[in-house]
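Q: Chain by chain, the residues run as shown.
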Amino acid sequence: MAGIELLSDQGYRLDGRRATELRKVQARMGVFAQADGSAYLEQGNTKALAVVYGPHEVRGPRAKSLHDRAVINCQYSMATFSTAERKRRPHGDRKSSEMSLHLKQTFEAAVLTQLYPRSQIDIYVKILQSDGGNYTACVNAATLAVVDAGIPMRDYVCACTAGFVDDTPLADLCHAEESGGGTSLSLALLPRSGQIALVQMDARIHQDHLDTLMEAAMTACKGVSRVLDGVVRQHLQEVSVLTA
Amino acid sequence: VMIKTEKVLHLRSSRGRKVRVVREHYLRERVPCSSALCQAECQNEGKVLSADLTHYVVPDAGVVCDFLEVLEFRELQGVVFTQTACQAAQQSRGRSRLYNRLRSLLKDPRHDCILFANEFQQYSFCLREKGESQEKWQTRCIYHSAVWYYNHLAGLRPVVMITEDLEAIAEYSSLNSEVYVISTQVEYLRSFCPDLLAAQELYCSISQAMQERESESTEREFADHLPAEVLEAGIKSGRYIQGTLNVNKHRAQHEAFVRFEGSASKNTELNSDILVCGGKHRNRAVQGDVVAVELLPVKEWQGRNTALTEGLGEDKTGDETQSQPMPTGRVVGILQRNWRDYVVTFPPWEEVQSQSRNSQRILVTPWDYRIPKIRISTQRAKDLQDHRVIVRLDSWESTSLYPNGHTVRVLGKAGELETEVQTILVECCIYAPPFSEAQLKEMPVNSEENPWKVDPSEVNARLDLRDTHLVFSIDPLGCEDVDDTLSVQVLPGGKRLQLGVHIADVTHFVQEGSLTDLEARARATTYYLADRRYDMLPAVLSADLCSLLGGVDRYAMSVLWELDAQSLSVCKVWYGRTIIRSTYQLHYELAQALLNGEQVEVPELAQMEQAERDQRLTELRQALELLTRLARHLRAQRDKGGALELEGVEVRAQLDSDRNITALVPKQPLEVHETVAECMIYANHWVARKIQEHFPHQALLRRHPPPRQEFFNRLIDCAKTRGFSIDTRSNKALADSLDQAADPLDPLVNRLLRMMATQAMSNAQYFSTGACPEEQYYHYGLALDRYTHFTSPIRRYADIIVHRLLMSAISAEKESGPNTHLVPNKELEELAQQINSRNRAAQIAQKQSTELFQCLYFKDKDPVTDERCVADAVVYSIRANGMLVFVPRYGLKGAVYLKNRDGHVLSLKRDGSCVWQPGSLQRYPDKISSTTSIGTHTFNVFDHITVRVSVQSSRCHSDSLCLEVIANRPHQTPQAECHPAPRGRSELVQEVVRLAEEASQQANENGRAPKLTREEREFRQSRKPNLYSLLVEIGELALLDLAACEQISAGSQACTASA
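Protein chains in written order, with UniProt numbering: chain A, 1 to 244; chain B, 1 to 1059.
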């Protein structure tokens, strides 16, 4: 296995972080006035924009509506300029449909949909710059947007990736680490209850290592949740100052 | 805590387009500095730079990339490698070896150097500016790091940055008074370590090699190697075959073979090696490289050459001697270079001058036949003519016929004993310098004024056998390093027996990870050469505190079996740490005499009263008798399973021919030898069972794979000529049929057959249980399902590992908790491979040093007149133009030619003497006949002939012995009878050493300064090695051929002689 050394003997990763350290997470809520809720989030160099409409009446065929809860509609897309090589990305390709589906499942687990029967909540997410962990950035941004829209949730949904190099779990992988050929596990967590909203991993890993990997991902998620909580509180303060 | 910045990189995408990539880069304030002088309480883990230095050195990226070898000198201390420099080393093209060397350097605790992650430090990191070249940026970064480092240590030590970049010196040298930027490394080396001449020389030779490389021609001599991706894909698809290149030593220019690695199942139709013919097809691959080979079309396949070639003989032999065509291929790429240090000889000065116009580039000839000539640029060719020099290869461009290299170290003048021995060590990659002070500091003290004592807390933790057990050791006379002791007694009640094997507790003194441990791990074994030895552990352990000497308290690891007194089946086994006091330190002859009921003097009892002495003697005799009975039972059990007794006979014969060993042990091996060996095998077996049971995935065992049946073909054919049939279907069948294949008139026949059987065997080797399926654990030679090495921790590192495993198995049993100190399977397997390869190196070194001494012995004898150069020989194999013979008197094996270079063949006159005449040779499977005008004469396998031994000297390589037929009848040595002690091999060694000493003394008088005598005295501080251990070694079939067996005993003899 040729390639770059993902974890140096001194315990540093390519970008200077240690194994358990997250990338810098920055976020803003309420970036658009038109939408019901919106948020912009940077997780390292991965930048995501999330917009929430709803709850509102079900658009399109009536048959889709559910009598006991709200329908969640997610759409994920990437900007043409989001990766190193510019590439046209039409909607509905397989990768983004899968990502949309994952997001939908994640938020169905977190949003209290039974409060809004026969209605619909739309979540649109766009990746502006991609540097690894696209799904997790989307989830985190969408959580903030849902909070901004004032839709009740069980808890924040926080997501983070974790990888495994030389018997050491690495938290929050960047693009270089993700494409390095190792394992990458994405986890969406409801941090307060410790419930898992979604977990996904494509690569192979020895069963013995799975627990440590999950543990690392959960710790990372909790770290993210603290940041998100801070963002929300700060936003509320700003808004209340304005309204007062 | 961290600051986020961004780095912009320009990379090439998979499609070859240039891409701009932005990467995050996090900086922090606290980056450990790894210096003992740190004032800021950095969290330094692992290696730390020592504080008692005059300065610290920070090498620039260019210096690290080009002159890492100079920095590898252990004398250069306090080296701070910056991350920037390491990354430069990592990124330099095709130099992954360089980066790996740097990494192992950083990991090695014996080197005083550390890595400082300067690019992650907030204040020492510099962003690359627009338009700044990479080299400039690296130099700037490293300079800033040096400044930071200096300030971080509060200016306690000056920091010296060394660089090759003259502009940088101009720019930075005046900026800071205590951070020096020094121009060339030569300047640094000259002013700071003037004593390290070797480093300066190495520096010069590297820089010269680099200059030469720049001015190279562009004419293409070889096809280009394919890029790595193509090779990888090709190997996966089966188009190319991956394997290790093995050059035929005797036809180094023409023939090389590639042996598969790993999954041979993919290519089931190819189960032989692949032949690579000629230099063009070999395409710059060097012996040992891992290469990718493409098969040629079937019609271009060739056969291997079966004719004997004489040493350097570069004659164009006809095609008639080729065997069946075999798969033939050509090298398309090299996956991994396995270049090591090579010993070369400089040509004489006249030759250099005629060789090329500019005398700075010369072709030197490696000592190893398999390595091509190496081109070197140096100005010291005149001083170095006829010297042996260590050389490293740098590159081999497709435009050059020969690889480029540079000199590293001068060993000495060719032909001198010390130079030749060092040559052997370097060629076998054995590096065994005297133990360093730091290592010796770890050792416990045992001196007159400060004697070592048993620790009372250890007494509580160990089972105390000092007063309850009669413990004794049986070793060769005068042995000092006693690994093993025995005890046996009837338990109260008389229904049960207790057998105990007590092994020196080396792991108590050698902590895992200590410097001594690391050194021992690197050496892996004690190296025995013909005239000296290199110990694995410092002498204070190997000869004193670990040695289970008589009459003193010692720590031991014991295995105690409770056996049923009648059936001798095992009822209970106990393993653990003990404390013992050996009562008798017996030697083999004494023990055997006691067993035979002879009246003997036991030194330990000499002072006692008659009555008490008799009682003690009876006690000891009973114990020995019991032990013998047990061992016979154990042996019988193993024989039932099919244990082979190939070498026991070998050694017996060995002892016969070596008169000097007969002075030590009787001609016939004593039963007591076998008794001790059997107990040790038993202990090894039970320990192997124990650790395997506890650690099914990470125990170190030893296995001996069954031999491939086709290797036995020669043995079967040979035996057939004498009417014996050999059954090789199982180890039991083989053992039985070998026992029957004895010619009462000629004991040598059986001996040669056993020798061939041994040759057909594969080597026994260490492995980790996790790396091998369970059905392959079997030890073929000993007929045991589990086996390991436990009984000689003083001279084998594998035993130390096994001791540790056994201890963790015992403690895990007690506490039933998971043990954390275990070596994981992967690491253990690597360690096992390393030990295997070191063992192989030790064997080869032994063999070569004995050959060296044989040559030195015969060198000053006149082969025509000296009686000692004529000896009896037995033919054991037939080749196209000659035959292979064995000379029992000197234990030599060699080739005899029946056809010389002029095409003349050997014919016999009426009186039996030989002459060269024109004629022809006819080869049959079991005989060869020469036809000339005189008549036809046939040589059969197992014929006795008379040969003359002479030395064929060689300037660049080792000298070799040359055998020629002088008569076709057995050699009569009338003197042998009247000469009670003809020259044995040890005497030979002794004599050669003495001559060398005289020569060096003479040289001393002439004003030269050889360190020879002092070193000789120092190295030959040796004690007698344990003969039992030799027997066990051989008994385990660890040896490739008889030649190797002989080395051991030769080694032991030499030591005996010098002790």
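No lab work stands behind these hints, which were simulated from the structure alone.
A hint or two may mislead.
[Unchecked claim] Distance condition first, Cα-Cα at most 25 angstroms in a straight line; then the derived DMTMM-like pairs of lysine to aspartate or glutamate:
#	chain 1	residue 1	chain 2	residue 2
1	A	Lys126	A	Glu108
2	A	Lys87	A	Glu178
3	B	Lys826	A	Asp166
4	B	Lys826	A	Glu5
5	B	Lys107	A	Asp9
6	B	Lys47	A	Asp9
7	B	Lys47	A	Asp229
8	B	Lys47	A	Glu21
[To be verified] If you only want the chain A side, here are some residues facing chain B, beta carbon under 7 angstroms, derived:
#	residue
9	Gln10
10	Tyr12
11	Asn45
12	Glu85
13	Gly182
14	Pro191
Idealized CB from N, CA, C, for every residue including glycine.
Q: Now look at each hint and say whether the structure bears it out.
A: The hints, checked one at a time:
1. A:Lys126 <-> A:Glu108: holds (19 angstroms)
2. A:Lys87 <-> A:Glu178: The hint holds at about 20 angstroms.
3. B:Lys826 <-> A:Asp166: Holds, at about 12 angstroms.
4. B:Lys826 <-> A:Glu5: holds (19 angstroms)
5. B:Lys107 <-> A:Asp9: holds (9 angstroms)
6. B:Lys47 <-> A:Asp9: holds (12 angstroms)
7. B:Lys47 <-> A:Asp229: With a Cα-Cα distance of about 41 angstroms, the restraint between Lys47 of chain B and Asp229 of chain A is violated, given a limit of 25 angstroms.
8. B:Lys47 <-> A:Glu21: holds (24 angstroms)
9. Gln10: holds (6 angstroms)
10. Tyr12: Given a least distance of 6 angstroms, the restraint on Tyr12 of chain A holds.
11. Asn45: With a closest approach of 6 angstroms, the Asn45 of chain A hint holds.
12. Glu85: holds (6 angstroms)
13. Gly182: violated (17 angstroms)
14. Pro191: violated (22 angstroms)
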